[in-house]
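Visitor: Protein sequences, first through last, are from chains U and B. The opening residue of the first sequence carries number 10 in this note's numbering; numbering runs sequentially from there. The opening residue of the second sequence carries number 13 in this note's numbering; numbering runs sequentially from there.
Derived by calculation from the structure, the hints in this document are not laboratory data. Honestly, I wouldn't trust all of these hints.
As a list, the in silico SDA-like pairs of lysine to any residue whose alpha-carbon atoms are at most 25 Å apart [as the list claims (entries may be wrong)]: (1) U:68 <-> B:159; (2) U:68 <-> B:117; (3) B:113 <-> U:86; (4) U:79 <-> B:68; (5) B:110 <-> U:71; (6) U:74 <-> B:91; (7) U:68 <-> B:158; (8) B:205 <-> U:108; (9) U:68 <-> B:111; (10) B:162 <-> U:106; (11) B:205 <-> B:193; (12) U:79 <-> B:70; (13) B:205 <-> U:102; (14) B:113 <-> U:73; (15) B:339 <-> B:108.
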Amino acid sequence: MKTLSFKTISLAFLLSLLISPWSGNFTLQATETQDQQVIVNIDGLSCPFCAYGVEKKLKILAGLKDIEIKMNEGQVLLTFEAGVTIDVEAIKEAVEDSGFTAREIILPKSQT
Amino acid sequence: MHAQPETRLIIRCSASVMFSVLLIFFLFQSVHAEELKANLTPPHFLIQWGTQGSALGEFERPIGITVDGDDFVYVSDTGNQRIQKFTAQGKFVLSWGKAGKEAGMLDRPMHLTAAHDGKIYVAEYANDRIQVFDHEGNSLAFIGASGTGKGEFDAPGGVAVDRQGRIFVADFYNHRVQPFAENYSALAQIGKKGRIFGGNFDYPADVAIGPDDSLYVADSYNNRIQKFSPEGKFVTKWGGFLGTGIKGNSSGSFDVATAIEVDVQGRVYVADFYNHRIQVFTGDGDFLVEFGVQGSAPGEFERPTDMTVDSQGNIYVVDFGNNRIQKFAPLTSQTKHD
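Same shape as in the complex, but just chain U (with noise of 0.2 Å):
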């Protein structure tokens, strides 16, 4: 097994130096893509005809990545784009426009 140099080290601890502001980066990074998941509670949508409208008219929300509808739970899980910002107005709007009314919307800590 070698031994290691003084340059060596003296190297990788240069290299390390240099390296570690674009780790921090990285991770910023990794936080921003991180999806976004937001929650909406909604009362009455044991109906499939109401969960399913209110999955269509919530579909064109910018930014929505995926739709979950839990009917016997009244519940809407929305997937959002790392770094989109939620619109709160345009969540409550669709689910008006679905006959519904949004009893509570839970954000991610992000967007609080």
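With chain U fixed as given, assemble chain B onto it according to the hints.
Guide: Here is chain B on its own, set in the frame of chain U:
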């Protein structure tokens, strides 16, 4: 101002005559309905198939059902974004569709109908169109587009085709029925948003055609059924008190009527969603029989969404909450209307 004694007498006589006529009419209706009801018993449970899942023959929130002239059964497996075809014994035949907008793809297929022209018409709730298929699942055509104008939809829930080839669509969020000619050109809409009065709709989810080409509409959130002439003129309505839309759980009342079907004898079947039952009426709305209670045992339902009747009179019900299809024997006797 005081009326003359003769005038008062005439008014009193007229009122008495009118009251008597109304009394006789309601008495006749009541006796007539009881006679019809007395002749029918709830159908017997035969078989069931399906369970929750995405494998072939399984369902994820199934909604619509229809049977073709050869008694093959088609189910819109809405949660799985596909149509599944079965034999009358529930044996899986084929499946088609996946989520999308391209030909052959589906987005929330709801009610569907196997028409006299040999084609399957599927109402696509999220794609705002009717997609026409052959019996093997090959896409043939699209009807309609998104919007509120003539020939456009906002969430079509159900579709029916009459003997003239005209296509009628329950346009759920536009609160109307949108008809089309045989060549798919849009015709004048039937009805508008509203309550109480005939011709007003509140989220209609399904349509059906009677043997005489009468149009029946499941006026879902008005908790009633409306009947129209083949020319689109309002004929009658029923459900709750005088068809005004008051929901209830007594016979003849509904708690969200999600689907309608008419058999070859003109009997009208209604999926009474939150009452977990199917109700059957004459073509004029006289109550005949009902079946089903809430539950998951054979013959029980968890929010039924649709039903259809095959050439033998067997009844197939989409048991939405239990992710299964249940088949029942034909209604056991003929009514005096038949």
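Visitor: What's the verdict on residue 68 of chain U and residue 111 of chain B, does the C-alpha distance respect the 25 Å limit or exceed it?
Guide: Distance of about 14 Å is within 25 Å: holds.
Visitor: Is the hinted pair residue 205 of chain B and residue 102 of chain U satisfied, with a Cα-Cα distance of at most 25 Å?
Guide: Status holds; Cα separation ~20 Å.
Visitor: Between the alpha carbons of residue 68 of chain U and residue 158 of chain B, is the straight-line distance 25 Å or under?
Guide: It holds: about 14 Å lies between the C-alpha atoms, which stays within 25 Å.
Visitor: Residue 205 of chain B and residue 108 of chain U: Cα distance at most 25 Å?
Guide: holds (13 Å)
Visitor: Under the criterion that the straight-line Cα-Cα distance not exceed 25 Å, is the pair residue 68 of chain U, residue 117 of chain B satisfied?
Guide: holds (18 Å)
Visitor: When you check the alpha-carbon spacing of residue 68 of chain U and residue 159 of chain B, does it fall within 25 Å?
Guide: holds (16 Å)
Visitor: Please verify whether residue 110 of chain B and residue 71 of chain U have alpha carbons no more than 25 Å apart.
Guide: holds (24 Å)
Visitor: Under the criterion that the straight-line Cα-Cα distance not exceed 25 Å, is the pair residue 339 of chain B, residue 108 of chain B satisfied?
Guide: Within the cut-off at roughly 23 Å; holds.
Visitor: Are the Cα atoms of residue 79 of chain U and residue 68 of chain B separated by 25 Å or less?
Guide: The given pair, whose Cα atoms are some 23 Å apart, holds under the 25 Å limit.
Visitor: Next pair to validate is residue 113 of chain B with residue 73 of chain U; report whether the Cα-Cα distance is within 25 Å.
Guide: holds (18 Å)
Visitor: With a cut-off of 25 Å on the C-alpha distance, tell me whether residue 162 of chain B and residue 106 of chain U pass.
Guide: holds (20 Å)
Visitor: Measure nothing beyond the straight line between the CA atoms of residue 113 of chain B and residue 86 of chain U; if it is 25 Å or shorter, mark the hint as holding.
Guide: holds (23 Å)
The structure fails none of the hints (numbered hints given earlier).
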